[in-house]
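Asker: Model the full structure from these sequences, guided by the hints.
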Amino acid sequence: MTGSREEDVVVWLRLPRRMSLKELKELGLDGAACFGADTCIAATSTGSGRAAIVVRADELKTVLEKAGLPPKAECYGGDTCIV
Amino acid sequence: MPWQLSRYNGLIALEDGGALYNRRTGALLRLSSAPYNAVARATERGEDGFSLIPGGLTPHLVAGGFAVSTDLDEVADLEARYESRRRDSAFLLTISPTFRCNLSCGYCFVGSRAGSMSEDTQANLISATERFIARGSHASMSVDWFGGEPLLNLRVIRSLSAAFMRICSGRGIPYSAQVITNGTRIDEATVSALIEAGVDRLQVTLDGPASVHDARRPIANGKPGRSSFRAVLDGLGHLVGRFLIRLRINVDVRNQAAVWELLDLLHARRWLGPTTRVFPYLARVTPFTEACGAAADVAISLETFHALQLRWITRLHSLGVPVVAQGLYGFPEPKLYCCGAVGSNGFVITPAGEVHKCGLTADDSREALAVVGDGLCGANAAEGSWMRYSPFRDATCRECAFLPSCLGGCPRNQMLDRQREKEENCRYYRYLEGDFLRLHIQLSSAATL
Chain A
1 MTGSREEDVV VWLRLPRRMS LKELKELGLD GAACFGADTC IAATSTGSGR
51 AAIVVRADEL KTVLEKAGLP PKAECYGGDT CIV
Chain X
1001 MPWQLSRYNG LIALEDGGAL YNRRTGALLR LSSAPYNAVA RATERGEDGF
1051 SLIPGGLTPH LVAGGFAVST DLDEVADLEA RYESRRRDSA FLLTISPTFR
1101 CNLSCGYCFV GSRAGSMSED TQANLISATE RFIARGSHAS MSVDWFGGEP
1151 LLNLRVIRSL SAAFMRICSG RGIPYSAQVI TNGTRIDEAT VSALIEAGVD
1201 RLQVTLDGPA SVHDARRPIA NGKPGRSSFR AVLDGLGHLV GRFLIRLRIN
1251 VDVRNQAAVW ELLDLLHARR WLGPTTRVFP YLARVTPFTE ACGAAADVAI
1301 SLETFHALQL RWITRLHSLG VPVVAQGLYG FPEPKLYCCG AVGSNGFVIT
1351 PAGEVHKCGL TADDSREALA VVGDGLCGAN AAEGSWMRYS PFRDATCREC
1401 AFLPSCLGGC PRNQMLDRQR EKEENCRYYR YLEGDFLRLH IQLSSAATL
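Chains as they are written, first to last, in this note's numbering: chain A, 1 to 83; chain X, 1001 to 1449.
Calculated directly from the structure, the hints in this document are not laboratory data.
Don't take every hint at face value.
Selected chain X positions facing chain A (Cβ under 8 Å, derived; list incomplete) [as the list claims (entries may be wrong)]:
#  : residue
1  : T1025
2  : G1026
3  : L1028
4  : L1029
5  : R1030
6  : L1031
7  : A1034
8  : P1035
9  : A1040
10 : P1059
11 : H1060
12 : A1063
13 : G1065
14 : S1069
15 : I1441
Each residue gets a CB set at the ideal place from its N, CA and C atoms; glycine is no exception.
Answerer: Shown next, in the form of structure tokens:
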């Protein structure tokens, strides 16, 4: 998955919110800002000096916008919010 | 700062390690074996388990809300967020311009009422809306056009939309609208009218290929041989590419096998893909009002539906539909509040001008909060019961680790103490969440890693 030792790899699949470059850097994720939800997929390791981003999916925001989708679900009203 | 693991963490074991999902923040983290096992051991140990977490992992756990300060009361934090979001909910009117419908579907949950909205009621609704917006600080206004079949009264949609857009423009707030329609009354003139009316999304129902759809959703009093399916397909031809379309497929024992043929048909028309904005989704037919009580006899079990749903999502993903980013497909995420009915700014308006909180009670005048001539808020017993409802008042829900994802489910089911629906809701979140997360991880990884 990365060049790091496999046993301590961390892959972010969904960030809890939009995070700044500074916050991402603190997690060892160096690169483009993420938009929260599923718009950023990145991997790093827990050991120092072995951080590596696998994918910076910042282009996903454009894809979402083109598709007219919000990054988070909403209630669509009518009968669409009934589980 | 002393840390503890969040009470809302979900652990998902995978072949090569595992994943963590936090139900309060929505964060999803995949870990290789060593860090995953450390979190699993710390979770098992309980209160003092955090000492087992490797130091390098802590910043990630904190960033995702998987670890929280020992002095944070997560339930109280969640409750405060729920109350705040509920109180400041988006301004959403669900309006039925008519209760009439040109189809007679056997499982329809709308009762037997008829009638269309008069000009007086429209004028009252416009002035009630104007007063409501003037009193609050609303960031936006949205309208869902519902029915009956709302497009049988396009004249009312056009007239009210023009007024709403004028009001919103005057206040500098965005306006948007969707139509929930059976899709049989759409031509180019309708499309132009909808665009002019600020509509950018439609929910259209299609229950299977022609023979299946026509048997389930026949034209009311129609001549033999008339096909509602053909009308919907013609309508979709006008809509695709111009609106976001949520294609609802109501599923029960009678049509569960036929949904794949429908999917092939949509694919053959090139309506599915990354940019077409057509999202076919399955909805389980259940008897949630008296009007559709007979649906109980044909409903499929939650588990059968769930298995169908996972296959459905996987197939859509393979066709390029961006399912992971679309809330319709049930991937777990934190809810802001459980339903527009308990939000302070959500109202359902009937053709007669009654104001309700819940669409499922719209054909029962006893449940009305007010009539639009008196404004949108009634401050009567009916409104009070919706505003007082909170899943945090239920001892079981309050302590439940799944509360951020579920928020008690349908408030009406909770208020009516409908045991079967409540039990199914709990089962859905407690036992099926892991499957959705596994699929989410699989599809996300396949798409980007």
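Asker: If a hint holds in the structure, say so; if it doesn't, say that too.
Answerer: Results for each hint:
no.	hint	in the structure
1	T1025	4 Å, holds
2	G1026	6 Å, holds
3	L1028	4 Å, holds
4	L1029	6 Å, holds
5	R1030	4 Å, holds
6	L1031	6 Å, holds
7	A1034	4 Å, holds
8	P1035	6 Å, holds
9	A1040	14 Å, violated
10	P1059	6 Å, holds
11	H1060	5 Å, holds
12	A1063	6 Å, holds
13	G1065	6 Å, holds
14	S1069	16 Å, violated
15	I1441	6 Å, holds
The structure fails hints 9 and 14 (numbered hints given earlier, in ascending order).
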